[in-house]
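Visitor: Here the structure of chain A is known, so what remains is to put chains C, Z, D, H, Y, V and E in place on it, guided by the hints.
There are 8 protein chains.
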Amino acid sequence: MNDNPHSTPDPGRCERQGFPEVIYCQNKTASQVADNLQALAAANGAAFGTRLDPSKADEVLATLPKATYDPEARTIAFGTLPQASGPSVAVITAGTSDIPVAAEAAATLAFLGHPTRRIHDVGVAGVHRLFERMEEIRQAAVVIVIAGMEGALPSVVGGLVGAPVIAVPTSVGYGAAFEGVAALLGMLNSCASGLTVVNIDNGFGAALAAHRILQSHHCP
Amino acid sequence: MNDNPHSTPDPGRCERQGFPEVIYCQNKTASQVADNLQALAAANGAAFGTRLDPSKADEVLATLPKATYDPEARTIAFGTLPQASGPSVAVITAGTSDIPVAAEAAATLAFLGHPTRRIHDVGVAGVHRLFERMEEIRQAAVVIVIAGMEGALPSVVGGLVGAPVIAVPTSVGYGAAFEGVAALLGMLNSCASGLTVVNIDNGFGAALAAHRILQSHHCP
Amino acid sequence: MNDNPHSTPDPGRCERQGFPEVIYCQNKTASQVADNLQALAAANGAAFGTRLDPSKADEVLATLPKATYDPEARTIAFGTLPQASGPSVAVITAGTSDIPVAAEAAATLAFLGHPTRRIHDVGVAGVHRLFERMEEIRQAAVVIVIAGMEGALPSVVGGLVGAPVIAVPTSVGYGAAFEGVAALLGMLNSCASGLTVVNIDNGFGAALAAHRILQSHHCP
Amino acid sequence: MNDNPHSTPDPGRCERQGFPEVIYCQNKTASQVADNLQALAAANGAAFGTRLDPSKADEVLATLPKATYDPEARTIAFGTLPQASGPSVAVITAGTSDIPVAAEAAATLAFLGHPTRRIHDVGVAGVHRLFERMEEIRQAAVVIVIAGMEGALPSVVGGLVGAPVIAVPTSVGYGAAFEGVAALLGMLNSCASGLTVVNIDNGFGAALAAHRILQSHHCP
Amino acid sequence: MNDNPHSTPDPGRCERQGFPEVIYCQNKTASQVADNLQALAAANGAAFGTRLDPSKADEVLATLPKATYDPEARTIAFGTLPQASGPSVAVITAGTSDIPVAAEAAATLAFLGHPTRRIHDVGVAGVHRLFERMEEIRQAAVVIVIAGMEGALPSVVGGLVGAPVIAVPTSVGYGAAFEGVAALLGMLNSCASGLTVVNIDNGFGAALAAHRILQSHHCP
Amino acid sequence: MNDNPHSTPDPGRCERQGFPEVIYCQNKTASQVADNLQALAAANGAAFGTRLDPSKADEVLATLPKATYDPEARTIAFGTLPQASGPSVAVITAGTSDIPVAAEAAATLAFLGHPTRRIHDVGVAGVHRLFERMEEIRQAAVVIVIAGMEGALPSVVGGLVGAPVIAVPTSVGYGAAFEGVAALLGMLNSCASGLTVVNIDNGFGAALAAHRILQSHHCP
Amino acid sequence: MNDNPHSTPDPGRCERQGFPEVIYCQNKTASQVADNLQALAAANGAAFGTRLDPSKADEVLATLPKATYDPEARTIAFGTLPQASGPSVAVITAGTSDIPVAAEAAATLAFLGHPTRRIHDVGVAGVHRLFERMEEIRQAAVVIVIAGMEGALPSVVGGLVGAPVIAVPTSVGYGAAFEGVAALLGMLNSCASGLTVVNIDNGFGAALAAHRILQSHHCP
Amino acid sequence: MNDNPHSTPDPGRCERQGFPEVIYCQNKTASQVADNLQALAAANGAAFGTRLDPSKADEVLATLPKATYDPEARTIAFGTLPQASGPSVAVITAGTSDIPVAAEAAATLAFLGHPTRRIHDVGVAGVHRLFERMEEIRQAAVVIVIAGMEGALPSVVGGLVGAPVIAVPTSVGYGAAFEGVAALLGMLNSCASGLTVVNIDNGFGAALAAHRILQSHHCP
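Chains as they are written, first to last, in the working numbering: chain A, 248 to 467; chain C, 248 to 467; chain Z, 248 to 467; chain D, 248 to 467; chain H, 248 to 467; chain Y, 248 to 467; chain V, 248 to 467; chain E, 248 to 467.
Hints listed in this document are in silico derivations from the structure and should not be mistaken for laboratory results. Worth double-checking, as some hints may not be accurate.
Stated by the list, open to error - Derived SDA-like pairs: lysine to any residue, alpha-carbon spacing no greater than 20 Å straight-line: (1) E:K303 / C:A293; (2) H:K313 / H:P347; (3) Y:K303 / H:S278; (4) D:K313 / D:A290; (5) D:K303 / D:R263; (6) D:K303 / V:E319; (7) H:K303 / Z:P347; (8) Z:K303 / Z:A350; (9) H:K303 / Z:P318; (10) V:K313 / V:D282; (11) Y:K303 / H:P318; (12) Z:K303 / A:Y316; (13) C:K313 / C:A293; (14) H:K303 / H:G333; (15) E:K303 / E:K313; (16) Y:K303 / Y:Y316; (17) C:K303 / D:P318; (18) H:K313 / H:D300; (19) C:K303 / C:Q285; (20) E:K303 / E:H253; (21) V:K303 / E:P347; (22) D:K313 / D:A286; (23) V:K313 / V:S302; (24) V:K313 / V:S335; (25) Y:K303 / Y:A277; (26) C:K303 / C:K313; (27) Y:K303 / Y:H253; (28) A:K303 / Y:P347; (29) A:K303 / A:Y316; (30) V:K303 / E:A277; (31) V:K303 / V:Q279; (32) D:K303 / V:P318; (33) E:K313 / E:P347; (34) C:K313 / C:D300; (35) Z:K303 / A:P347; (36) C:K303 / C:D317.
Unchecked claim - Estimated spans, in silico, between C-beta atoms of each pair: (37) A:P301 / H:Q330: 30 to 40 Å; (38) Y:P312 / H:E383: 57 to 67 Å; (39) V:S332 / Y:G259: 29 to 39 Å; (40) Z:E379 / H:Q330: 52 to 62 Å.
Note that beta-carbon positions come from the ideal geometry of N, C-alpha and C, so glycine has one too.
This is chain A alone, in the form it adopts within the complex (with noise of 0.2 Å):
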């Protein structure tokens, strides 16, 4: 049993994976996600939720008006956050129009306490955009590219750099992008050796990803 009945919270993971676990808020309610910022935060220090819609969060931060919500990632923290240190991530997206989910990935890596580089609108129909940043890219330890549309720049850029490569599609794009499925499809099925892919819109999740590399590099 435990007293928090609509939830199962797991303070564990932190010490058990090196991240604590993050809240998810979309299907639930103010209540439950502000029940569950507390519990996580008393556990942690700090606790983050992700997709929150800007009327929820208002009601949350009726309860807990020392949260910070993020309108663009459409996150909320709660606590005290880390300083950024150690080798830095870069964000790159393909449009202007995929910059939401940049936003989410950005919140996520500043929860967990890595510095970033954010650089958009670098997609591969005027490829020369990306060529100008490529210094700037080769110095991240990691790299997200986010695209939506036909999902093509992950390719692109994984053909240029060694490091890391996480592949975001968005549900940028109308008629048979089919909410980011045509981007999917198009990094998972890349000509460039080694990228690895996470769910349409999961800016958190490359973030996530991210880390444990990151972790990887410091501790094992």
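Guide: Relative to the frame of chain A, chains C, Z, D, H, Y, V and E by itself:
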């Protein structure tokens, strides 16, 4: 009624549209293919068929020994073909595995009298390979770009040239490539403006689309 | 680095490819749209955006009162547009319901300086309606055919003219039309040779493909 | 309980519905097919099976040498068939490749006693071929239209005749034809009013639907 | 050219096919709908439209106050409708939730002059409910069977009557019903022979298919 | 004929099958729901409905003020419910977001008289949370496991208990979760033997399947 | 570590869950199958495998000549099987073509010690065939209903009995049957309450689900 | 131009990215494979190819007798391979049937110089088997988890370790496994945070993703 009850040839297409009917051999018997080649060559001087398997080709050649079968393109030609002349068409593949589709396009262009320049294996995983060939590509009046897997090459080419770009997805790949669907969706959602797309593995259709463009180029 | 951190405009596309970058407004904020219109108009004399909702358009027009919004096409133009000249493009719809996509194509062609002839509601359920317009259609250098539901009109048109035919599936229909997928598949599998296809509802892409053809017509 | 444990024949269907049970042979063993042909012929005077492969047919014929196998239609008939009489059914194909499905429809109609008029290869890429046959088609009481690829022919026919039109998609095509799905969707979304559709390659079902119509024509 | 540039009405359809053009209102503006109702009523004495939302209907009725809107069927009729006569059509639903589709079919049949017998909520989960109504059903010349969810009712009805059975899948259901796809596939694969199928929620199409049958019944 | 033309209630189901008809409210009007609740309660003493939206519930309650609406489960009960007795059913969710589906299952089980034990948020990302509850779970006669996203929890539970496990996929998730399809496919392909699956979000169906099992438990 | 590096047998499953691990042979080599049969028979007295092709079975039998292969069910048994006892399971097929799946279910039930009653070819196209067998079916404690094509039989059975009904879709059919998807969707959306579903062609899974029910019947 | 017209080898990839080009053999001819192996070995000292069928391998080995073919992994190596050194990669399979994909991953890791620890058949249906191996798994710097069917194992592993977890869906399974789609979707929607995914059966891609991580581990 017609004399050839299994088919209704369209000998007037040449006059009506500027190109002859071409025979789709895949679901036809060898004798149906041979009948149609003869009927169309009688009307137009030459006839052409696509998607002809080697074993069925042997049967057709037994009937029409003067026909010519191209095993890489799986096409058959019968009668007197034109000399190639006029602006050229670039036929580019992302990988070596896409060559059979390029061969079908090239054989069709040859049947229709267009010079062709073929460039192979310049996919986006090593995008410098494409850049080394851009001068050649820019000399073409029409560019056909053939790619399987994620189908990203047409987007990059489409951002570099102003000429018409016809994208051909191929069934090269496995798993979530879904027999060419991933490449098809990628091309339909290209962030490069004004690309057009044909069916998966449809080298013939791309060649005929190029012919429609070049024909309009000469005549109107 | 660039001065406009949410976007990386591509002002050189005009010189590189013969047409300017066009803004896809759907997933951008009004201020991002306005920024890009200004940046591109500064470089090219005029700028153009597609898929702009009326309410977001009001916000953009508050910033850029000299811009012109076309509510049927959902496009915005800013700066001095060219006089139409040269060969014309036929823009044909199967039904009245397909008109918004035709309007997007026509507005794009106007932005690029091409005269357009629009013909509406001549779908195959009453195919004589098409035949009454064939003389007009045959005068066009490029034919854009727009259809929802089963998307059969491009096949019929494609069997009647020799000019390039660009097929645009629309999301008109219901049930097993699957938001335009039925029409898209129909067009990709057309028995008329050499049709090319763009994304569902992509009137803009069809217009730019026509521009690539007409441009190659003039220059190479 | 019944004497034939692998099957439960339905000999009363003839009286109940005006047509006998027909055997779907595809997933049955040769001896199951032979048993059912005998049981149904004993009850109804004749029996009929569809989707019988040539090699399995050889096995069935070894048991029932008086049965008749039609290799083009892949059907088997056993017993005394009726003379054809009454209004005729037009069976039209878009292409030569669709003939096997037309043959299945025609063989079924023959088993049920209906005269048939077959017209092949009049698809919409050369729509004048259809117009040359319209007089014949208008004489039919029911029209079966069979097409693969984009499946557009039923829409055009459906806009020209007032008789019932039964559309049969076929698996002819490749790539995005998806084994007949493109044609099926096209037919379900036809802009011609009041078409009905049967399963992909289901010439048998179309014939039986025609029989239901003609039967209702005679009796009620 | 035509006087009504947004549409190309087809007033001759009545003479050509025995039924008038019907207006698909879904993607049209209210003024387009009103224009077409007037044009078709002028030619044929009456006009009819389907898929008209209540709010758009209000706008149409403001222009054409003598038109009649049926909110359950979402249809509009304008002009003088015929008296119902001749054989009747049974319109059967599996559930109460399928009634709007049945209403569309019934309103269309009324516009075309056919008597209708409606039977609701006799789906296969309580198959005795169907058996209690079979006597009525057997009196119909054509049977329209409407079902959502798994769409099994047409198979059972199709095994009990010899008359033509037109199956209409509906979008009733949730989850893996996929907006009517489950019912559509069920009907296309029915083990009852000779069923035909129309698009999801297409009560209008089923009614017109019945009209084609009954018309052929009267005239040929 | 029946007195209630929009529906054909099945009051004999209780006697025939051991459980009453339950009303699926989603596509019905409030008055249709109220009519059916009254008809079934008159026959069986109590009636129950699922998938009733809050606003429609208000309308129903205006007619039937003694009915009870459960907003979390979106169910309505009317009449005298049984006392819970007999073996219990475990209702387990992978996440907090799956609770509404668990509530529907629990409300249905309560209507049918079965005691329920609910356990929430013990998904496989922290599998120790499940192990802490296994003793409770092993006491249940039937286990209902509810999960969205990848739907992995039923496989783990199914490998730990011998009792019947009914897996319920939910539409919780985003992107490639495809509204519950990912979870549904996961459960259908479970490597744990002998799991069964119901439709996405179908807590009601899982409860009734449990009732069929427990009923067979008592009676045969 | 274990002695058998290609597999990690689970001999404790019998004690933990009341049934032994069963070998899925499809993607295993003959020697892997033989190793596992021996390891599990050593632990449990008997072992069982499913989806074993005849040619691979010959190889296994060369190693384990005392094993018994059932070619219709494609199962292999090794060791001493129990006598059948307790309540019986009805295994019903819609068609003759579904028999191999019924055979797999029956062989599995025999391995687990349950008596089985098999009833074949009673699909809904002739629903009277089912009614003639209902007395037998009502005597079963669990009912397994197996159907391909539209998969409607479980809905009808599910509306007639109160016992647990496990629906098994089969890959019987063609075209839009999509290798069993149509039947699977039909069963998941059944209007009969409380059906559960297993994977396509998964006779084994249905049998084991029945075992879980009967086991719970005996013990808790 | 290049000397090898069917391919454009990329010998600089090693220097550019830290790993050499690897040959995808599936759609290439044996002579194309041999040419590429020689060209890349000349540049890099060793070359490697994947997805090489045994019969094509025989042809390649006839040309390059010093090459080594691994029939389980279907890979070919040519030239001098490195000694394994550095942190190890765990390669875990859910079932015995997934071993070929694990073999491809392991062969690729060997070619790239990484020590590997393979653990087979520890899927979630008997989750204790995984727990017995967790100590070994926790020693790995990167964890590759390979699973077919529902693909649940990566979620459980991902909740237990902090290291990077790369999930590989396999095509093991049948029916609604859809050749690996079920596993792929499961992995993309994992409730365990920060997993990444590669294409179905893509053991090579997972290995190269691990290499990118370990390389970043050593160098930046």
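Visitor: Need the list of violated hint numbers for this structure, in ascending order.
Guide: 1, 2, 3, 5, 12, 14, 24, 30, 33, 37, 38, 40
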